[in-house]
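Student: Residue-level listing of the chains:
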Amino acid sequence: MEKIEIKNVNKYYGKKHALKNITLTIDQGMFGLLGRNGAGKTTLMKTLAGLHQKKNGSITICGIPVENTTEIRSITGYLPQEFSMYPNMNVYEALDYLGTLSGMTRSERKKRIDILLKKVNLTEHQHKKVKALSGGMKRRLGIAQALLHDPKVLIVDEPTAGLDPEERIRFRNLLTDAAEERIVILSTHIVGDIEASCEDIAIMNDGKILWKGTVSELINNARGNVFTVNVPQKYLSQIRKNYIVTGMLIQGDYSTVRIVSDAVPDLQGINTDEPNCEDAYMYCLYQNGCEVQGGDE
Amino acid sequence: MMLFFKECRKILFSLTFLIYLVAVIGFYITQFSHDAEEKISQPMQGCEDYGTIAKEVPELLMPEAAEGLVTEYLSGYYTAYPIGFYKEVKLSEKKSAKIAEIITEITGISKRELDGFSDFDEEGITMIPDGNGGYTPVVKEATLPEINIPDTMTYERFRELMRKADKIIGGGSQYSDDNIVGNFSLVPKTYEDALAEYNDIFEKDKITGAYARLFCDYMGIIVSILPVFAAAALANADRKSRMEHLIYTRKISSVKLVLTRFSALAATLAVPVILLAFIASFSVAKLYPENNTDFLAIPKMSVGWLLPNIMFSTALGMALTEISSQLMAVFVQGALWFGSIMRDTELTGDIGRFTLVCRHNSLYDRNAFMENFNEFLFNRIFYTVLAFIIIALTIWIYSEKRKGGLNVIRKNIIGKSKA
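Chains G and F, in that order, are what the protein sequence lines are. Sequential numbering from 1 applies to the first sequence in our numbering. Sequential numbering from 298 applies to the second sequence in our numbering.
Derived from the structure by calculation, the hints contain no laboratory data.
Stretch by stretch, here's where chain G covers chain F in the computed footprint (C-beta under 8 Å, at least three residues): (1) 301-314; (2) 541-555; (3) 689-702.
C-beta: ideal position from N, C-alpha, C; glycine also.
Sequences are here, hints too, so could you generate the full structure?
Tutor: Here it is in structure tokens:
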């Protein structure tokens, strides 16, 4: 029963249809939810965490309906996109306070906090006030608080936004470790995070699930539809106007441009290339009729 | 219990609590500490004035109340405290005519005669041109019709008519059963009255009881408003620290969390007041070394008198901050407090059923307080129950917010207030 089942879920904000008939099954391990800003990822995450009420449909987490908030809260850990903690509390006190709210005993709190601080590399900063932590440290404290009561499900919303590359890798590794024994749902708009840490993914846009499957299936889906071409720089703006450009490498007066397209672009010297995850994501959006700007800023 | 102590710690180390502490201690020092050094003096025989006491004397009450009603009729405005707060009532023509009918029945003065005193509303100082380019102030005093109550008017009928007038005004007026004696039948105290009161302070109040009333009078002013700041700050702390969602998703029930926070606030805000009550008891006991004072009288009365105010202000602060904003909580509690403080009333013993800030600004006048003691008890129980009702409402609001249920309402309220 260690899975999340979402069936025909709809959610409205007034007249805005934020989640459109979402159906999804998430098994143990790391699951990535990819989509643009405003695609509905955070709404879905909050609905799973019991912070939002759905209009209809059903959600069960490890067999428990999401409406049973007390039980759901005891088996889920949530790390929101934007968060902080009482600035004047130190790291240990903040975790201890949240552990108390989770109904943990003093000895349970002590044991778990020590383990988690070690895991997230904050042991030596445990007496530092929250307001003195860097962005990366704060995120690591965030993951520690979400894992404090040893939940079966970890819901993590846009955790790497704003982190430097080293912190981002460290954070992804933490999530991967956590996913060994629980369901971890990672929502992000950064394709690299998904590619590096998730096997199963879903792509959301405008409140709908556009695509679900594995990362390799997503890449396979784009195979034969990714092209590269070497063009003089003066043609770049024309190419960006006519095609979805996923990458450009400028080399002197020439640029190597990556294009995703259903048909072979009518350009001299065009070559088919192996798709990467970013190409596959862009192709998926394009394939589903989404307005894709590609490289055109 | 662990959470209770953690919440207390959060409050104790907050800036709002520090400000509260300084204000409460400052108020004690500037307002009460001088009175705590004053000994209650025994009345001396042969004094001209021993103060007044409310006593139901029909011969005094009837003409005084009738004059009061005529004065208000002519001014067009009636003073009332319908739910304990001052209200200036302006009656419609139809209702005004009914008041005139009552006056006619009591005094025999017809409506036409009454309305002849039309210069009443021109009372005051008028600047008249003096012909040399300047102005001369002319004081114009209102003249009231001569009021004679015929012998045929019985006291029972008079009180019945006063009740009717009170009903027309909307209740809570000077003519209501609760207010009429205190407003229109004050008789001078005799030496014997004053001595009996003095003896009661020593025997029944054990001295400290009198100081307890004064202590609570002063401290009541401040604890009826300041807790709202601490409550609003605590209720807003999660939002301000962007910690709301981390807390909402915890296992703890909304009932337990809100009740614990409320208890922690009430306890931490009450403790300084209770400690000051013990300090006051100590000061008073030092003044009367030869007497057997009740050392616990001031702390006990503080709990009964001041705790309901702390609880009410805290509960309202939490509820309004949850549903709206800190500013709204402070504004509403401030308005209630100001309305209560600015009541145009006696500062000794005149405690209405719904008065937020109960006053008894005297070491003396024990009888005035005791006469209203049942009202006082009702009042304190009312605010305690109201505090719990508001907390029950806060629990519901908090629980809905955790599920995302009330965010739309809150956004609308805040959105509108910002606009």
